[in-house]
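Enquirer: Chain by chain, the residues:
Number of protein chains: 4
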Amino acid sequence: MENMYVATQEIQISYADTDMMGVIYHANYIKWLELGRTRLIEDIGYDYMEMEKAGYYAPVYNLEITYEKPVKLGDRVFVKTWVDVNQGLRTVYGFQIVNGEGEVCAKGSTTHIVVRKENEKFKPVQFKKVFPEWFQKYEEIKRK
Amino acid sequence: MENMYVATQEIQISYADTDMMGVIYHANYIKWLELGRTRLIEDIGYDYMEMEKAGYYAPVYNLEITYEKPVKLGDRVFVKTWVDVNQGLRTVYGFQIVNGEGEVCAKGSTTHIVVRKENEKFKPVQFKKVFPEWFQKYEEIKRK
Amino acid sequence: MENMYVATQEIQISYADTDMMGVIYHANYIKWLELGRTRLIEDIGYDYMEMEKAGYYAPVYNLEITYEKPVKLGDRVFVKTWVDVNQGLRTVYGFQIVNGEGEVCAKGSTTHIVVRKENEKFKPVQFKKVFPEWFQKYEEIKRK
Amino acid sequence: MENMYVATQEIQISYADTDMMGVIYHANYIKWLELGRTRLIEDIGYDYMEMEKAGYYAPVYNLEITYEKPVKLGDRVFVKTWVDVNQGLRTVYGFQIVNGEGEVCAKGSTTHIVVRKENEKFKPVQFKKVFPEWFQKYEEIKRK
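Residue numbers (this note's numbering), protein chains in the order written: chain A, 19 to 162; chain B, 19 to 162; chain C, 19 to 162; chain D, 19 to 162.
Just so you know, nobody snuck in bad clues.
It does not matter which identical chain is meant; a pair holds if it fits inside one copy or across any two.
With a straight-line Cα cutoff of 20 Å, these simulated PhoX-like cross-link-like pairs (lysine-lysine) come out: (1) Lys71 x Lys135; (2) Lys139 x Lys71; (3) Lys90 x Lys135; (4) Lys141 x Lys71.
What the hints contain is simulated information worked out from the structure, not anything from laboratory work.
I would like the entire structure built from these sequences, with the hints used as guidance.
Expert: What follows is the structure in structure tokens.
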């Protein structure tokens with residue numbers, strides 16, 4: 019990877035995550051991504067829950083994932099996460115899901131917006147304006 | 019079954035619900051139970067979401083389930099639900115999970131309390147006092 | 019939409035699908051997509067489970083989804099699914115998730131490959147060769 | 019607790035596990051229990067996956083849980099697991115779910131049988147006969 023900061027989070031997988039193909043069910047990878055983002059955010063000194071306490075959510079607006087290799091129960095699983103694009107209205111996180119042998123099992127990106135909790139339609143606000151320091155930190159660690 | 023009202027709700031199952039045993043993962047049955055309770059409540063003219071809008075939750079306090087026969091993808095699944103015990107502080111719902119051949123795949127009960135939303139410790143209040151008409155309706159339809 | 023066949027499947031949502039934002043958790047939409055594909059396949063006279071019984075799986079290779087409007091408990095939810103691209107090695111399904119007011123809540127596509135069950139690495143085979151009639155049917159109904 | 023061996027497993031919780039009550043959805047606790055049992059089995063030198071490779075499953079036959087205190091995102095969560103009853107046809111595991119302050123959030127038991135993989139009806143076999151050393155180990159560590 020390039021010159022951005024990459025956070026690594028190991029994932030705890032369980033029997034519940036498998037399906038009748040004998041592998042981890044593909045939609046279950048999606049919830050791991052947020053553990054990866056949480057790790058990234060904590061690594062740089064922030065806390066997603068603080069954003070919620072301040073009256074905002076950061077929902078997923080777009081998600082793209084390519085599955086390259088199945089993950090099985092018993093495999094170790096790690097999510098690597100970085101800031102791919104940092105704009106006023108949108109943050110794009112890149113990710114790789116890697117197994118214990120260092121093989122990439124899946125990769126892709128999630129795009130997030132920031133919305134006020136009380137806005138039921140999830141109309142985006144400027145991340146840059148409501149969390150200027152956090153935005154600045156992303157400027158420093160993002161992929162260049 | 020006996021002289022109580024029994025609600026029947028068909029369940030939509032999916033590949034996501036299976037596990038590597040090739041059957042529906044046992045913890046996924048639990049979320050079906052609330053679809054069963056929702057059906058029962060609607061059948062008698064109430065709406066659980068109205069309880070939440072009025073400022074209350076009805077969390078599960080106790081759950082007991084016996085698995086008698088595996089459910090597979092492709093099976094039809096129905097949850098039968100009734101009021102087993104209706105007390106001031108606790109409501110016990112009985113249930114059976116039945117397949118398309120009418121075989122009982124699982125059975126058990128869930129016990130619920132009513133709590134005020136703003137009480138973070140989920141201290142119970144009297145269902146009988148906060149929803150007296152609903153409580154009375156349960157008196158009529160409960161198992162005797 | 020255009021001249022392709024579009025299958026419509028209503029989805030049963032439950033409390034289990036919600037998250038602490040008060041809406042349906044975004045990863046839960048993903049499992050609905052397979053209910054949409056199952057409906058499409060059944061509408062044209064096939065059965066995904068027959069593919070598995072014949073010794074094959076059709077795992078997701080790529081998934082792309084854009085979330086446009088949150089879905090809440092109490093909303094009706096429908097998945098509309100069609101064949102977007104039908105190639106020898108890849109099938110792309112397009113989808114829209116629509117609420118009871120006909121508003122598009124999410125849209126995107128899933129790309130699938132066909133693999134032999136005994137191939138643990140999920141190396142793709144030609145859908146066109148192993149299921150030639152099914153492939154031909156997709157030629158007829160696909161987006162043109 | 020008493021004189022039995024108690025295994026402790028920390029659980030990784032995520033946003034996906036929450037519901038619109040703002041707490042962890044009650045059915046999600048159930049999948050933690052198997053992480054607890056896996057820890058216990060590994061602590062004494064066995065591996066559940068070896069049981070499956072040998073041609074057996076150990077499905078849940080009965081589950082009983084009492085919820086005493088809600089778990090929230092941000093809490094640390096631990097599952098404590100022990101062998102409560104060790105009989106020829108049934109193994110009962112006791113459990114407690116404990117938060118970072120050492121408070122019991124939930125407690126109960128799961129009862130398991132052992133079945134041959136090829137027996138689709140999940141007819142139980144004698145754990146004592148098919149895994150005699152494992153059974154003996156449970157005799158040593160069980161609650162007395």
